[in-house]
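Asker: Chain residues, written in single-letter form:
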Amino acid sequence: MAKLKIALYWAAGCGGCEIATLAIGDKILKLAEVADIVFWPVAMDFKYADVENMADKSVDVCLFNGAIRNEENEHMAKLLRAKSKIMIAYGSCAYEGCIPGLSNFYNRQMTFDRVYIETPSTDNPEKIFPQTRVKVPEGELELPEFYDTVKTLAQTVDVDYFVPGCPPEEKTTWLALEALIEGKLPPKGTVISHSVKALCDECSLTREEKKVKKFYRPYEIIPEPEKCLLEQGLLCYGVATRGGCGALCPQANMPCTGCYGPVEGVIDQGAHFLSALSSIIDSNDPEEIQRIIDDIPDPAGTFYRYSLPDSLLRRARIK
Amino acid sequence: MDNFEPRIVAFCCNWCSYAGADLAGTARIQYSPNIRVIRVMCSGRVDPLFVLKALSIGADGVLILGCHPGDCHYIEGNYKTLRRIPLLKKMLKQLGIEEERVRLEWISASEGAKFAEVANNFTQTMKNLGPSSLGSFK
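For the protein sequence lines, the chains are A and B, in the order given. 1 is the number of the first residue of the first sequence in this note's numbering; add one for each residue after it. 1 is the number of the first residue of the second sequence in this note's numbering; add one for each residue after it.
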């Protein structure tokens with residue numbers, strides 16, 4: 001049997017997903033037995049032309065990590081889609097926008113002002129911003145256009161499968177790779193994870209009754225071990241997050257932040273969590289409810305930490 | 001902008017507010033035609049998702065109308081709404097959507113006049129705010 005041809009690409013993301021692909025450990029040897037990596041800029045030297053010269057659909061699988069933040073990300077997404085039989089949105093950025101997607105609370109100009117003017121370590125008295133084209137003595141230089149709005153991979157090209165996580169856990173990555181190697185592919189559009197249920201289903205902490213009078217941020221309290229973090233007033237996102245990671249964060253006393261995306265069938269993770277969270281507020285008095293809500297300083301950023309570009313509203317409206 | 005007619009979705013609970021809207025009709029109380037009523041079994045059934053969905057596909061404002069606190073047919077469904085809507089409004093404000101675009105009101109089955117008053121008042125508020133900017137982004 002001919003070896004599988006695999007391409008990997010890193011768009012708008014932190015690079016954690018690249019590490020996560022290596023986290024499969026010695027299974028990588030098994031992968032090397034059955035697959036050839038034909039494109040992986042982070043590990044080997046490739047040029048754009050190398051991809052452009054490939055025949056259409058000549059790559060079996062593309063693992064694409066990172067969101068679509070600029071013109072280059074979009075170009076590569078479209079190019080790799082044309083060259084690949086199967087396109088996988090690998091990791092939360094490609095799947096739902098993730099942390100880069102939080103810049104959808106701002107627009108390009110606000111982001112540039114912050115990055116190139118306002119940050120304390122920046123010295124830019126001439127207010128120089130990146131330009132898409134600039135003339136220098138040697139000729140004209142080009143930079144990709146920076147977009148106002150971060151998009152997910154599926155909002156840019158047709159995507160076959162999604163691998164959740166920031167970054168995906170080793171076992172989740174292997175679940176996807178194993179399916180590819182064995183040719184046992186799930187239906188198109190599947191989010192590949194060991195669970196379709198909420199994270200709470202696999203969390204070992206003890207759940208009793210969810211009634212909360214005050215919400216805390218993680219640094220404000222030392223949570224009791226063995227007790228559900230949400231019941232202790234921490235904004236643990238497990239109720240609205242797909243399981244499959246093994247509930248690693250709650251076991252280390254850190255609330256889940258929701259990186260595995262929405263539970264199967266849910267289309268807006270933030271709204272889902274908002275709904276669940278407000279139901280457990282233990283008060284029927286409007287003023288007290290308001291006080292309890294005031295404990296949550298940044299609901300939109302918290303509820304959509306990983307999914308703002310993939311949410312119904314996609315971004316904040318800037319007046 | 002003078003002839004702007006806002007599109008308003010009103011989620012009415014089956015047991016109180018929908019009956020209140022019905023009463024406004026049978027009593028022939030005139031109210032703003034901008035309201036599109038959607039009947040739900042309880043205001044507690046109104047998932048924040050419904051509100052976001054309405055706003056994202058072109059509603060200028062969303063009303064959530066339920067039984068008065070203590071009167072819920074399901075005992076405490078409207079208390080869940082009472083907790084949910086303030087948090088939703090706080091979140092919408094961060095997303096650049098005026099919090100006035102979402103309003104929670106209690107309307108009983110006997111309050112046809114209040115239904116009409118809320119409908120008129122909310123329509124006027126939306127007219128003053130102007131069209132929602134949703135849907136007009138890249």
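Check each hint, because a few of them may be wrong.
Okay, derived cross-link-like pairs now, DSBU-like style, lysine-lysine, Cα gap no bigger than 30 Å in a straight line [what the hints assert, rightly or not]: (1) A/K188 to B/K89; (2) A/K214 to B/K114; (3) B/K90 to A/K78; (4) B/K93 to A/K214; (5) A/K78 to A/K211; (6) A/K211 to B/K93; (7) A/K197 to B/K114; (8) A/K211 to A/K197; (9) A/K85 to A/K210; (10) B/K93 to A/K210; (11) A/K188 to A/K210; (12) A/K319 to B/K89; (13) A/K210 to B/K53; (14) A/K319 to B/K93; (15) A/K213 to B/K127; (16) B/K90 to A/K319; (17) A/K211 to B/K127; (18) B/K127 to A/K188; (19) A/K210 to B/K114; (20) B/K93 to A/K47; (21) B/K127 to A/K214; (22) B/K93 to A/K213; (23) B/K90 to A/K227; (24) B/K89 to A/K210; (25) A/K3 to A/K211; (26) A/K188 to A/K227; (27) B/K89 to A/K47; (28) A/K85 to B/K127; (29) A/K188 to A/K211; (30) A/K27 to A/K211; (31) A/K211 to B/K53; (32) A/K319 to B/K114; (33) B/K127 to A/K197.
Hints were generated in silico from the structure; no laboratory data involved. As the structure is a prediction and not an experimental result, all values here were calculated from the model.
Asker: Are the hints correct? Go through all of them and say.
Answerer: Quick rundown of the hints versus the structure:
{"no.": "1", "hint": "A/K188 to B/K89", "result": "36 Å, violated"}
{"no.": "2", "hint": "A/K214 to B/K114", "result": "35 Å, violated"}
{"no.": "3", "hint": "B/K90 to A/K78", "result": "38 Å, violated"}
{"no.": "4", "hint": "B/K93 to A/K214", "result": "22 Å, holds"}
{"no.": "5", "hint": "A/K78 to A/K211", "result": "48 Å, violated"}
{"no.": "6", "hint": "A/K211 to B/K93", "result": "26 Å, holds"}
{"no.": "7", "hint": "A/K197 to B/K114", "result": "43 Å, violated"}
{"no.": "8", "hint": "A/K211 to A/K197", "result": "22 Å, holds"}
{"no.": "9", "hint": "A/K85 to A/K210", "result": "47 Å, violated"}
{"no.": "10", "hint": "B/K93 to A/K210", "result": "27 Å, holds"}
{"no.": "11", "hint": "A/K188 to A/K210", "result": "37 Å, violated"}
{"no.": "12", "hint": "A/K319 to B/K89", "result": "18 Å, holds"}
{"no.": "13", "hint": "A/K210 to B/K53", "result": "28 Å, holds"}
{"no.": "14", "hint": "A/K319 to B/K93", "result": "12 Å, holds"}
{"no.": "15", "hint": "A/K213 to B/K127", "result": "38 Å, violated"}
{"no.": "16", "hint": "B/K90 to A/K319", "result": "17 Å, holds"}
{"no.": "17", "hint": "A/K211 to B/K127", "result": "40 Å, violated"}
{"no.": "18", "hint": "B/K127 to A/K188", "result": "45 Å, violated"}
{"no.": "19", "hint": "A/K210 to B/K114", "result": "36 Å, violated"}
{"no.": "20", "hint": "B/K93 to A/K47", "result": "45 Å, violated"}
{"no.": "21", "hint": "B/K127 to A/K214", "result": "38 Å, violated"}
{"no.": "22", "hint": "B/K93 to A/K213", "result": "24 Å, holds"}
{"no.": "23", "hint": "B/K90 to A/K227", "result": "29 Å, holds"}
{"no.": "24", "hint": "B/K89 to A/K210", "result": "23 Å, holds"}
{"no.": "25", "hint": "A/K3 to A/K211", "result": "55 Å, violated"}
{"no.": "26", "hint": "A/K188 to A/K227", "result": "38 Å, violated"}
{"no.": "27", "hint": "B/K89 to A/K47", "result": "48 Å, violated"}
{"no.": "28", "hint": "A/K85 to B/K127", "result": "51 Å, violated"}
{"no.": "29", "hint": "A/K188 to A/K211", "result": "40 Å, violated"}
{"no.": "30", "hint": "A/K27 to A/K211", "result": "44 Å, violated"}
{"no.": "31", "hint": "A/K211 to B/K53", "result": "28 Å, holds"}
{"no.": "32", "hint": "A/K319 to B/K114", "result": "34 Å, violated"}
{"no.": "33", "hint": "B/K127 to A/K197", "result": "43 Å, violated"}
Consistency with the previously given hints fails for numbers 1, 2, 3, 5, 7, 9, 11, 15, 17, 18, 19, 20, 21, 25, 26, 27, 28, 29, 30, 32 and 33, ordered from lowest to highest.
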